[in-house]
Amino acid sequence: MVEDLRRVARLIDFPLIIRPESSVYHLVRKYIDMTAAGLMIPWTER
Amino acid sequence: MVRPATISGGVILGVCAALVSVGRCDAFKDDVHFSQQWLRSNPGTGNSTEERRADQSLFGRIHERWFNIDAALVNAQYNLEFALAKQGRFETSIVTFDFWAGHLEIFKAEGMHYAILDLWNMALQACRWWKTCAGWHASSTFR
Chain A
1 MVEDLRRVAR LIDFPLIIRP ESSVYHLVRK YIDMTAAGLM IPWTER
Chain B
47 MVRPATISGG VILGVCAALV SVGRCDAFKD DVHFSQQWLR SNPGTGNSTE
97 ERRADQSLFG RIHERWFNID AALVNAQYNL EFALAKQGRF ETSIVTFDFW
147 AGHLEIFKAE GMHYAILDLW NMALQACRWW KTCAGWHASS TFR
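As they're listed, the protein sequences go chains A and B.
If you count the first sequence from 1, position 30 lands on 30 in the numbering used here, and the numbers rise without skipping.
To convert a position in the second sequence, counted from 1, into the numbering used here, add 46.
Hints are not guaranteed to be accurate.
Unchecked claim - In silico lysine to aspartate or glutamate, EDC-like type, Cα no more than 20 angstroms apart, as pairs:
#, chain 1, residue 1, chain 2, residue 2
1, A, 30, B, 164
2, B, 154, A, 21
3, A, 30, A, 3
4, B, 154, A, 33
5, B, 154, B, 164
6, A, 30, A, 4
7, B, 154, A, 3
It is worth saying that the hints were derived from the structure and are not from the lab.
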């Protein structure tokens with residue numbers, strides 16, 4: 001689902017910002033590899 | 047001794063009940079027809095339509111275009127989708143209850159600047175640069 005959305009976003013030149021399920025390495029890396037326009041990292045407030 | 051007026055009244059009442067039943071035949075033919083009739087005749091449908099007419103904002107247009115069901119009708123909509131799915135007809139359930147890549151094209155066509163896919167809340171938000179967003183959740187808890 002995420003990959004489909006990201007692929008369409010690239011095709012139509014529409015920025016898609018992804019907020020991962022969690023701020024863990026493997027998830028963030030996966031979405032960076034999908035070339036998301038931006039990431040909103042959750043659970044970073046102190 | 048039964049009076050003729052009572053018999054006539056009973057006959058008229060029976061005919062009226064039969065006419066009502068005939069009128070409802072289509073709605074009770076199967077689950078799909080029942081669910082469609084439920085959505086058409088639900089009082090919430092009329093209210094939400096009037097509200098949409100009054101609201102000509104950007105988000106109102108998007109709602110009307112792609113999410114043409116009201117939150118109060120989610121259960122009825124679900125029943126319709128379930129009945130369709132039992133018949134092997136999945137054409138509408140994807141659009142209604144899941145994120146669809148075509149949403150992004152709609153957002154762009156409606157002048158939105160970017161979208162946020164919130165996987166923590168399972169929501170998709172369409173936004174403008176000045177931070178006005180409209181969001182939808184996956185499954186039956188959109189808006």
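Tested hints:
1. A C-alpha spacing of about 15 angstroms is found between residue 30(A) and residue 164(B), which places the hinted pair at or below 20 angstroms, so the restraint holds.
2. With a CA separation close to 25 angstroms, the supplied pair residue 154(B) and residue 21(A) exceeds the 20 angstroms bound.
3. Note on residue 30(A) and residue 3(A): the hinted pairing holds, with a Cα-Cα distance of about 10 angstroms set against a maximum of 20 angstroms.
4. Proposed proximity of residue 154(B) and residue 33(A) is contradicted: the alpha carbons are some 23 angstroms apart, above 20 angstroms.
5. About 18 angstroms separates the Cα atoms of residue 154(B) and residue 164(B), which keeps this hinted pair within 20 angstroms; it holds.
6. Distance check on the hinted pair: residue 30(A) and residue 4(A) sit about 14 angstroms apart at the alpha-carbon level, within 20 angstroms; holds.
7. With a C-alpha separation of about 18 angstroms, the suggested pairing of residue 154(B) with residue 3(A) holds against the 20 angstroms cut-off.
Violated hints, listed in ascending order, are 2 and 4; each of the other numbered hints is respected by the structure.
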